[in-house]
Every structure is written in C-alpha cells, then in structure tokens.
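From the two separate chains plus the hints, produce the assembled complex.
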Amino acid sequence: MKRFEDVKLDEAQDLYFPTMCKVTQAKQITDMEKWYELEMPEGQDLGHSPGQFVEVSAFGIGEAPISISSAPHNNGRFELCIRQVGVLTNVLKKYEAGDSLGIRGPYGKGFPIEKLLGKDILIIAGGIGLVPLRSLINYVLDNRTDFGRLIILYGAKTPNELLFKEEIAEWIARDDVEFHVTVDQGDENWTGNTGVITTLIPGLDLNLNTTIAAITGPPIMYKFVIMSLKSKQLADDQIYVSLERRMKCGVGKCGHCQINGVYCCQEGPVFNYADIKPLEEAF
Amino acid sequence: MECFSLLRTDVPALIDHLGAFGEVVAPHAKGDVSYSFETVGDSSLVVLDYNRTLLPLKKEFLPPVEKLVSFSLNDLTSTPVEIPIEPKVYFAIHSYEMQSILRLDHSMLSGNVESNYLKRRTKSRFVGISFTPDEFHFSESVGIAIEDMEGFDLFLNEVDGDYQLYVLTENGRLLIHGFNKLKTAEPEIVEGREFKTKIRYHYNRLPRVFQYAYHSDVWAEVASRCVSCGACNLTCPTCFCFDVNDEVTITAEDGKRQRSWDSCMLSTFAEVAGGENFRENTINRTRHRLYRKFKYITDEEGLPWCVGCGRCTAFCPAGISLPEIVNDLIHEDEQAQLHQRVSV
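Same order as they appear, the protein sequences are chains A and B. Heads up, the first sequence is in our numbering, so the first residue is -16 and it goes up one at a time. Heads up, the second sequence is in our numbering, so the first residue is 194 and it goes up one at a time.
Just chain B, with the same shape it has in the complex (with noise of 0.2 Å):
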C-alpha cells in the first residue's frame, strides 16, 4: 500500500484531476448546517470537513425516485429503462458510508441481480476521508473504524491538517495516475479521533440480546414517542425497501412506471389486501426496523445491517436515539440474566 503526503490547499486539485475520469460526486454544503452529496462543479466547493449528509450516498445507487419501465396506453407496449454505466468518483467518503455500500451491494445482489443497481455500481471509485466523530455517530460499535479503508480505491487521513493519501487499489492507482502534487511519506497514526456514542457492548454480543429482546418492553417506550414519520428509514444509508406505482402523463397516452423508497415505520407498509395490517402498531414496526438492523440479516451474513452514521438519531424529529434503544435492550438483558441469576 503505497502513502503519499497532500497539502490541503491541493485537495481541489486532485478532484479536478479525478475529474479525467469520470464526473465526481462529493459533499457540499447546503444551508448553514446541512451537506448533500452532489455532482462537482467547482472543486473548491466540496467540503472536507463534514459530519454526514442529510441523505445517503446511497441515492447515487438506488435513486430516491426510479422509472423502472416506460408504457405507452394507445398500444401497451412497454420499455425497459436502460441505465448507463458511467465512470463516476465519489470523493470524500466516510467509512461508515463505504461499508453501507458494501452491504447494500449485498442485498441487492445476492439472489436476484438487479441490473439498474449493478449498472450504476460498475464504474464507480470511491474516495475516502476521516473525519472526527460528533455526538451521533457510533460507528466504532458496530465495527467500523474511522480509517476502515475496506472498499476504496483511495482514502485521505487528516495528518495536522493536511492529508496522507493511500493508494489501494490498482484503479486507484490509475486514478491519481500523473497527478505531481503528491510526495511520498510513512503512514501516521492519528490519536485522539475518539467516538463519544457508543454502544455497551461489541456487536458480535448483539445477537444474543436481540435473540431474547422481541418482547421487550423498551419497544413500547419508544413507540410512545415515534411518530411513525420513516425519517429514520428515509436517512438510513442501508435501507432498501421501495414502494412501486405507475405514473401517467397528463395526455393519459404514456407513463412510467417508477419505485421510490419506502419505510416500513410507515402504517401502510405491512398491509395487504381485504385491509390485514400484520404491522398495524408502532411497537411492530419500530422493533421490525431494529430487527433489520440488528438481527435478521445479521443473523444470516454475521455483521449488523447498521452502519453507526447516526442519521437516524440526529434527522429524528421525536429525538429518538438509536444507540439509546439498543443500551436499553442491553440493560434490559442484562437484569433479566441478574434475575436468573438470583432466582437460581
């Protein structure tokens, strides 16, 4: 693994050399306390120092809105939409973002492939940064380190200000391929980048926990305060769930049939015909979500299907705190594991 030392001041730069390759998607800043990933226009724009995005890269992939299929109603013929591969760099990325990614190519290719996902996927690079932890983000307890460089091509480690870039893959090195701002420098190890939420316990002891937390009377807590509005689906960078519906043109000749991301905190989202609502409480839907992140896929692949970003947290607008809900179900366990214990 090959380490360059980067000014700052040259860090636009580089983008503009990334830019040969394909376009570059990085955070800007949007109002006075926001960020947003966005298509590069001027370099000097893109922000370095962020906490998180509002939405998560995952828009990039598996768009907020989608068309799936174009139809014509004068004769019912259908198209499939076609999906260009295009070459793009997304820059500046936190681990927590890149390890979202790695588990939402899971679950969108394992079993079925889905070709607008993969289409988007194949050309993509990705460019990482650390960053320093705020009060929401939790990463470290569910097994992501700030420097986890699992997944990119390039990764940018804030030394004293400027950056110690580290080449690891072949594209990325073909990436800064003929870029002469660059020197090379030992790896440095930066103390002092410390998480100030965390978790009680590992995440490889969270299975046991949520294997004994299904009736847990924390659900009812939380779901006294959840207003059910999906936010926290809505900024989760591993969600996947996506509602279908046809949309036709105001000639009502043609429309489009189109996904969009959906939530299962929503009430509708577990109905089925003749009104059954097999979700029908909040209690339901918000264990459903933690269940998600925490036991169902976990169970199968051995990793949490949360990524510690903390979107879910700070973007809640009844201030529910995800980390929260797992210490509770935590000290919940351990009482009941006391109580055994006295009773015997």
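Extracted from the complex, chain A is given alone in its bound form (with noise of 0.2 Å):
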C-alpha cells in the first residue's frame, strides 16, 4: 500500500490545470460532428499514442474525455473530431480557428503499436468510433511497411453520418487498403453494403496467425462483432477494444470510469479483450 511517508512533494502535479491550445483549423464534416486541428502552446508535440484520449475543456461550461483523431507526429499539432451530443459538445461547435480550448494529457493507454507490428489489421469501426481509430489507420498508413494488410470495417447509420469522406475515398484508391463500408439504412445513391457492420465480417478471408483487430463503436456493437469475430476463430487476445466512459478526471481519482475494479482512464480505453472479457461490466 503506497504510504504517505513515501511520496515527496515535488512528485505531486496539478493534475487538472488545463493546457491552451489554439484551434488551427475546424470544419463542420456531417449534421453531427465538428473536426478541429489544434496546436499546443509552444508548438511541442502532445506525445500521444493512437487510442488515447484529451480531456477538452471551455471555461464555464466544463471538461469532457474526446478521443485523439490524428496520428503522433511531431509538428505541434493534434485533430479532434466531436458529436455534438451535448451541453459541452454543443458549445465546441461554435469554435473556430483562432479560438483556444483546454486541454489535459494525453491520458490512458492507447493501441500497444508494438505488438501491432508486422501484423495485419482490422479495423471495425462503428460510427464515432471511426475517430479514435482513425489515428490507428493513419499511423499503420504513416508506417506501411511495419505492418501487414489493413483491412476497415466502417458502418454508419446512413450515408449523411459517414465521417472523413475525402480520406475514405483517399483509403479506397489505395492498393494497400482493403476498405468496405456499410450503413444501416442507405438513401437513392447508396450503391453499397446495407445492414449492420458484422454483415461484412463473414465475408473477410483472414489469416487467424496474423491478424488483430481493432473495435470501436456503440457500446451495443462490441457483443455482436467479437461473437462474429470468435466465429472466425480469432482469438481472444488478438482482439483489441477501446470503451467509453464517462472519464471525468482522467488520472484515476474520480470513479466515474471504472469498469468493476478497473479504471477505464488509465488500463484503458484500449484493452485487449482477453484481459477485459471477464469484467461483467464491460459491454
């Protein structure tokens, strides 16, 4: 047990005193959803791994977790795309580039890219859950030949919610991507795959000795795709998800996040689902 006695008081932080960080570039991308570019004050790069998420702050209305959408580099910059879903969502919408927002972290465990090397990956996303993935995309695409195939799953409820168009069709155009999209509903000019995501699982051919997969979606879909996942003879450990909480602080003092005795902030988001399988509270 970690006792008084042994912490020394230069070891303490002030663990949530926001960053301001200036927003770049932004851009309403569906009826939902806002993307922004944000650079960090001294234009340090934010040091994230894919899969990790920021607290994002407005003064006066509060702080909510959001995903990091772009993958590490190093050139100050970071991109954030968030659903206006409420009270705080709501307010981000009004940004635009010059404002300034807060920001806390990068905090919690992302995808372990060193096991992900020289595999194939899956990627299934699920709506939002395109975003926190789509840092994992661009960086297997920043560093192709680290990794095997890479195959995306993507649904959408319809075509208008698709997220990233323009980089969709960027991901279609190469060879080296093997991309399938479906929405649950389609409209007059949707030609392609109609149904829920796991209606494109039994059609992938993949090779169980290499292949990872990545979800994130809705917390219904998890339960749907590993079942259909496991019906490919993957195994559990080489699934990996990443769950939203509500992650109030970020730094593993406020609760609100904890999966059974888990804190989703710091052994999260990104778990492999071996290890997160016996938590009832999971999905």
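Just to be clear, a hint being listed does not mean it is correct.
Here are the simulated lysine to aspartate or glutamate pairs, EDC-like style, with alpha carbons at most 20 Å apart [said to hold, decoys possible]:
#	chain 1	residue 1	chain 2	residue 2
1	A	K76	A	D14
2	B	K449	B	D436
3	A	K(-9)	B	E279
4	A	K77	B	D268
5	B	K316	A	E(-6)
6	A	K206	B	E279
7	A	K92	A	E264
8	A	K206	B	E363
9	B	K449	A	D(-3)
10	A	K260	B	D492
11	A	K5	B	D268
12	A	K77	B	E446
13	A	K76	B	D439
14	A	K(-15)	B	E473
15	B	K312	A	E(-6)
16	A	K(-15)	B	E464
17	A	K(-15)	B	E494
18	B	K316	A	D14
19	A	K206	B	E464
20	A	K(-9)	B	E275
21	A	K(-15)	B	D492
22	B	K312	A	D(-7)
23	A	K(-9)	B	E469
24	B	K312	A	E264
25	B	K316	A	E264
Hint data in this document are derived by calculation from the structure and do not stem from the laboratory.
Here is the structure:
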C-alpha cells in the first residue's frame, strides 16, 4: 500500500490544470460532427499514441474526454472530431480557427503498437468509433511497411453520417488498404452494402495467425462484432477494444469510468479483449 | 514508546498546548445527537466521548467542494488553486478514522500524485483517542482494534475515566514538548470495550465470499430497500469519487472549476455520452459499492476499503446495514458450499 511517507512533495502534480491550445482549423464534417486541428502553445508535440484521449474543456461549461483522431507526429498539432451530443460539445460547435480550448492529457493506454508491428490490422469502426481508430489507421499508413494487410470495416447509420469522406475516398483508392463500408439504412444514391457492421465480417478472408482486430463503436456493437470474430476463430488476445466511459478526471481518481475494478482512463480505454472479457460491466 | 498519565480535566490544557503547533481540529457536539470535526476555538468544547461524526475526517483533506482552477472568461486565462501547507493537529481521532486516512493516502497518492491532497496532508499531526463501540461500529471485523495506533503521533487511551498518553512518533514528542501536566506511567490494558456488531468472518476470508457473490440474490433484496440517496458514499471515510463542474459568477466574467464529492449510488454516476448507463439498476450500484469496499482495491492491497465506522449504516435512511449485507453474503456462500458437498 502506498504510504504518505513514501511520497515527496515534488512528485505531486497539478492534475486538473488545462493547457490552452489554439484551434488552427475547424470544419463541420457532418450534421453532428465537427473536426478540429489544434496547436500546442509552444508548438511542442502532444506525445500521444493512437487510441489515447484528452480532456477538452471550455471554461464556464466544463470538461469531457475526447479521443485523439490524428496519428502521432511532431509538428505540434493534433486533431479531434467531436460529436455534438451534450452541453459542452454543442458549445464547442461554435469554436473556429483562432479560438482556444483547454486540454489535459494525453491520457490512458492506446493501442500497443509494438504488438501490432508486422501484423494484419483489422479495423472495425462503428459510427463515431472511427475517430480514435483513424489515429491508428493513419499511423499504419504513415508506417505502411511495418504492418501487413490493413482491412477497414466501417459502419454508419446513414450515408450522411459517414465521417472523413475525403479520406475514405483516398483509402479506397489505395492498393494497400482493403476498405469495406456499410450503412444501416441507405438513400437513393447509396450503392454500397446495407446492414449492420457484422454483415461485413463473414466475407472476410483473414489470416488467423497474423490478424489483430481493433474495435470501437457504440456499446451495443461490441458483443455482436466479437461474436462474429469468434466465429472466424480469431483468438481473444488478437482482439483489442476501445471502450467509452465518462472519464471525468482522466487520472484514475474520480471513479466515474470504473469497469468493475478497472479504471478505464488508466488501464484503457484500449483493452485487450482477453483481459477485459471476465469483467461483467465491460460491454 | 513513552507512556504518560493525563487527567481528563487536563485535556483542554493539552489541546491549548497543541495549538502552538497549528490549528487544532477536534470533534464538537452538533445539536443533541450529532458530532462534527471543527476547528477548536474553545478547548473546553471539544468532545472526548463521541460515537462518530456525521462527516468523516476526509473532509479536511478532500473537501466536499473544492476549487481546482480559477478562470477568466474575458481573456480565457486560468490559474491553478494554490493550497497552503499549514500545520494542523487532528485531535481525538478514532482508530478507524486514522485507518481511513491511510487508505485515502493510497488512493490519492498512488499512480498520479495529487498535489491538493498531498499539500493538505504534509504538516498534519494526529492525536488518537480510544472509544466505546456502539451498535454500529464493527472495525474489529475489518482488522482495526480500538487501540490501533498506526498513523497517530499521540494516542489517548481512556483508563478509569482519565487517560494514558502514548507518544508514538518524533513529531508526537515535539508536540507535547514543554507540556507539564504529564506523569510517566506504565501502560495498562483496558478490558470490556467490545464491538457489538460483527461481520461473521475475519476479513481475510471475505475475498473468497466476494469472489462468488457477484450474482447473489442478496443484491436484489438490498436494492429493493435502497432509495439511492448516496448518503452511504458521502459519509464513508474511504470513498473518494468526485464530480467536476464549472461555476460562473453572476457577471459572467470569471468563474471556477470545482470538484465535489460524488456517489456511485446515484443513478447517473455511470452514464456515458448518448445516455447509455453501465450501472442503471440499483442492484448494480449496490453491488459496485460493496465491491469497492471488499473486492476491487482489496484484491490489490490486501485490506478492506471499509474501516467499520458504521456511518453508512447509522445514517442510511432506509436502515440498510453493511455488516448485514456481508453476513447475508457469507450465509449464502455457506449454503452454496453445503449444497455442493451434499450433491457430491
């Protein structure tokens, strides 16, 4: 047990003080989602890994955990994509280039890149789940020779709700990306697959020895996607999930994100399925 | 360890002497039946014989509402809150309360070390006192004796109405330096202070019970009586969960970000964006609270995160008793084992 006597005052951190970051670009990309590029105050690197999150705040409104959507790089900028579903996120809708946002983080554990090297990466993104997975996708594309196949399954409710359409077009155009998309309900222009995201899984030809799946989506999606992957004989430890919780402090104190005994903000949000499978509150 | 005798009538003088080190916080009577830890103004008002305070001592280190950041909405600047490091003496503290502070130390200082908590804790001194358990105390069941002196600098053990003062640390020795109403004494053992309420198993047998209790029928029975008010969490000395919110002044020019104690028994505690709730039912929330006390941290640290103060039971408006829940789980576990043996 950690004892008070073992801790020195200079180890203490002001855990809740945000850093102000400038919005360098902002764009409403769907009816409900806005994309932002932000710059750290001294131009330093945010230092995140794919799958991590930051606490975003607007003074007077509050804070919320938001997944980082860009791949790690060193130009001092990072990207977020925020769905407008609450008070804070609806206020953030008004933020444009030149405005400043409070940021704490990056927090949590992202995807274990070292375990993914040389592997086939199967991305399964449902709706807003593409936001954190875009960070991983772009990391793989930035380091393409370090990985095997890149297979992306992406599902949205309607064609209107598809995120990052221009990037998707680029992914589709690439020979080294296998991209599959589906919508729950198409429109008159939709010629692609219709149905839930699990309809894309049976047709996949996976190499079971080398495939790692990364799943992010609405809570209801996980059980069915995992069931479908299990029917393809993918082992539990070859599956990673990023789980959503209301991570209010981000530093393992406030208790809101607890999944049984596990703090999602510290041990997650990315978990290996084999590790989190026994936890009844996970899905 | 030095031991002195101290007359009960000389205790106010001791409190006044301790005031030379810093502010003294001690139990005071509130109304007819309640007690509260308050800053001592008049040492004769300090209550030595009390059962428990409504709010635990954690309020001194983790205040119920605490400003974290000040901000200006005019120029979007913010300032962290400076916590002064002040010498304080916490006087007439029961052993379970001290054990709760040791557990809070672990919770707030492991992993990310929180400066607000650590600064408040840095120059704190603790003077313990023995107590007579009432019908709600059950500290012995979680491994804490009345005379457990761990964490204290000084400890007052009541013997025949007066006290024996134990000096436990160098800081304790410095606290009483120059106080001339003490006489060297031989430590005496006090008989007869027994806990009336007990959990039937020693605490080191509880991990087995909780390992198999997740789907117990006991949770539904407790939940059917629980009104989800959160009083159990707010009065618990080892609960440390909090909410964070911004508050803006009436001029809308500046404001503060603050945290306030929260409760995992409240229905929205585990809600996420979009309205999904991972502990929507009272059953799930009741179970989570007990698992926080006897399973999750206990698995890692080997100690229950319950100190047997009895507050959650004494102040529950629905009369729900934590020891009864645990005893019901033990009973169910015994029945399950018995059934298993019979069927074999």
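Tell me, which hint numbers fail for this structure? Hints 6, 8, 14, 16, 18, 23, 24, 25 are the ones this structure does not satisfy, whereas the remaining hints hold.
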